[in-house]
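There are 2 protein chains.
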Amino acid sequence: MRWELLNSEIIYRCPIFALRRDLSRSPRGGAPWNFHVLESSDWVNVVPLTRDQQVVLVRQFRHGIRALTLEVPAGLVDPDDHSPAEAALRELREETGYEARDVAPLGAIHPNPAIMNNRCHMFVARNVELVGVPQWDGTEELVVETVALADVPQLILNGSISNALTVVAFHLLDLRGRGRAQALVPD
Amino acid sequence: MRWELLNSEIIYRCPIFALRRDLSRSPRGGAPWNFHVLESSDWVNVVPLTRDQQVVLVRQFRHGIRALTLEVPAGLVDPDDHSPAEAALRELREETGYEARDVAPLGAIHPNPAIMNNRCHMFVARNVELVGVPQWDGTEELVVETVALADVPQLILNGSISNALTVVAFHLLDLRGRGRAQALVPD
Numbered sequence: 001m002r003w004e005l006l007n008s009e010i011i012y013r014c015p016i017f018a019l020r021r022d023l024s025r026s027p028r029g030g031a032p033w034n035f036h037v038l039e040s041s042d043w044v045n046v047v048p049l050t051r052d053q054q055v056v057l058v059r060q061f062r063h064g065i066r067a068l069t070l071e072v073p074a075g076l077v078d079p080d081d082h083s084p085a086e087a088a089l090r091e092l093r094e095e096t097g098y099e100a101r102d103v104a105p106l107g108a109i110h111p112n113p114a115i116m117n118n119r120c121h122m123f124v125a126r127n128v129e130l131v132g133v134p135q136w137d138g139t140e141e142l143v144v145e146t147v148a149l150a151d152v153p154q155l156i157l158n159g160s161i162s163n164a165l166t167v168v169a170f171h172l173l174d175l176r177g178r179g180r181a182q183a184l185v186p187d
Numbered sequence: 001m002r003w004e005l006l007n008s009e010i011i012y013r014c015p016i017f018a019l020r021r022d023l024s025r026s027p028r029g030g031a032p033w034n035f036h037v038l039e040s041s042d043w044v045n046v047v048p049l050t051r052d053q054q055v056v057l058v059r060q061f062r063h064g065i066r067a068l069t070l071e072v073p074a075g076l077v078d079p080d081d082h083s084p085a086e087a088a089l090r091e092l093r094e095e096t097g098y099e100a101r102d103v104a105p106l107g108a109i110h111p112n113p114a115i116m117n118n119r120c121h122m123f124v125a126r127n128v129e130l131v132g133v134p135q136w137d138g139t140e141e142l143v144v145e146t147v148a149l150a151d152v153p154q155l156i157l158n159g160s161i162s163n164a165l166t167v168v169a170f171h172l173l174d175l176r177g178r179g180r181a182q183a184l185v186p187d
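From first to last, the protein sequence lines stand for chains A and B.
According to our numbering, the residues represented by the first sequence are 1 to 187, in order.
According to our numbering, the residues represented by the second sequence are 1 to 187, in order.
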């Protein structure tokens with residue numbers, strides 16, 4: 001089922017992605033087709049949890065939908081980051097002013113395997129603590145909000161949390177925790 | 001927190017999206033910045049469930065990551081579709097050969113509110129039945145696979161299902177079903 005790549009060219013570059021056009025041919029033959037792909041470095045999302053099970057979220061203006069969203073801290077893995085985990089800790093500190101001793105991986109997913117080449121690495125940061133003020137870079141303007149982890153499902157169902165990647169982060173946190181819960185309360 | 005839009009222009013068009021560049025200025029003032037947005041019609045994802053709780057999935061080559069993925073049926077809402085629900089039923093039939101009497105909405109999310117303007121409408125189609133062969137359009141080449149709904153969490157955790165939107169669809173199905181489950185087995 002793998003298509004043969006005949007040609008690949010970058011059409012446009014902007015700071016957070018490059019638009020690539022691939023000319024590919026089906027293994028079943030026929031005429032080649034153009035496919036468009038956004039090239040980007042990997043992303044990170046981190047669910048920050050305080051000791052009393054509050055989630056630290058950020059509200060910000062998102063230019064894609066030209067509206068405010070409520071999301072977990074997230075960003076690109078920078079060339080200076082030694083690992084996605086380090087990027088997650090950095091984004092947490094920069095966007096919220098909260099810190100954690102470490103993060104635990106929840107898994108990595110493809111934000112959009114049809115038109116994007118990158119992955120998004122998901123983490124949970126437990127026992128986060130407020131240590132200072134946020135340090136925004138570039139165009140970032142964020143409001144930090146904490147909500148009870150127990151209220152997150154309702155915020156997703158009523159559309160208050162609508163970013164697909166934030167929803168995935170909570171789903172993976174849910175699935176990873178379910179093993180422990182099932183040990184106590186089998187289905 | 002809403003940025004003022006000073007200028008907006010389409011830089012590039014391809015069949016499934018247009019790349020737009022917006023020049024915007026922060027409400028806090030300062031120099032304007034360019035933001036890049038993919039304009040697309042809305043998408044649909046549908047979780048097809050057979051009467052015996054099997055999920056109908058599609059395996060396909062995805063050009064963004066140049067690898068095979070396992071996903072729920074999905075696609076764009078076409079101009080001919082009267083609603084996202086109709087698009088979901090159409091995609092289900094075209095991609096898998098399965099049909100349902102109707103679909104139930106699970107909610108709509110933003111695939112990427114930072115760089116995309118569209119929403120993805122999520123549905124569940126219950127009691128789907130195989131009625132014919134798939135009717136692929138354009139470059140589609142799919143293999144239909146059924147897995148037990150109970151096995152989906154493991155497929156997500158081990159990376160076999162890695163498309164963020166498919167994961168979101170299962171999360172919303174999970175949350176919508178949880179109300180009933182909690183009535184039986186409180187946390």
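It is worth saying that the hints were derived from the structure and are not from the lab.
Don't take every hint at face value.
[As the list claims (entries may be wrong)] Just some of the chain A residues that point at chain B, by a computed CB distance under 7 Å:
{"no.": "1", "residue": "Arg2"}
{"no.": "2", "residue": "Trp3"}
{"no.": "3", "residue": "Leu6"}
{"no.": "4", "residue": "Cys14"}
{"no.": "5", "residue": "Ala18"}
{"no.": "6", "residue": "His36"}
{"no.": "7", "residue": "Val37"}
{"no.": "8", "residue": "Val131"}
{"no.": "9", "residue": "Gly132"}
{"no.": "10", "residue": "Gln135"}
{"no.": "11", "residue": "Trp136"}
{"no.": "12", "residue": "Thr139"}
{"no.": "13", "residue": "Leu149"}
{"no.": "14", "residue": "Leu157"}
{"no.": "15", "residue": "His171"}
{"no.": "16", "residue": "Gly177"}
None of the values given here were measured: they were computed from a predicted structure.
Just so you know, even glycine gets a beta-carbon here, dropped at the ideal spot from N, CA and C.
Status of the hints after comparison with the structure:
1. Arg2: Hint on Arg2(A): holds, closest Cβ of chain B at ~6 Å, below 7 Å.
2. Trp3: Result: holds, 6 Å to nearest chain B Cβ.
3. Leu6: Violated: closest Cβ of chain B sits about 12 Å from Leu6(A), beyond 7 Å.
4. Cys14: 5 Å, holds
5. Ala18: 11 Å, violated
6. His36: Where the cut-off is 7 Å and the nearest Cβ of chain B is about 5 Å from His36(A), the hint holds.
7. Val37: 5 Å, holds
8. Val131: With Cβ-Cβ at 24 Å, over 7 Å, it is violated.
9. Gly132: The hint is violated - Gly132(A) has no Cβ within 7 Å of chain B, the shortest such distance being about 21 Å.
10. Gln135: Status violated, d = 16 Å.
11. Trp136: Violated. Min distance 11 Å.
12. Thr139: Interface hint status for Thr139(A): holds (5 Å vs cutoff 7 Å).
13. Leu149: Violated, because the Cβ-Cβ distance from Leu149(A) to chain B comes to roughly 12 Å (cut-off 7 Å).
14. Leu157: 6 Å, holds
15. His171: 4 Å, holds
16. Gly177: It is violated, given that the least Cβ distance between Gly177(A) and chain B is near 11 Å, above 7 Å.
The structure fails hints 3, 5, 8, 9, 10, 11, 13 and 16 (numbered hints given earlier, in ascending order).
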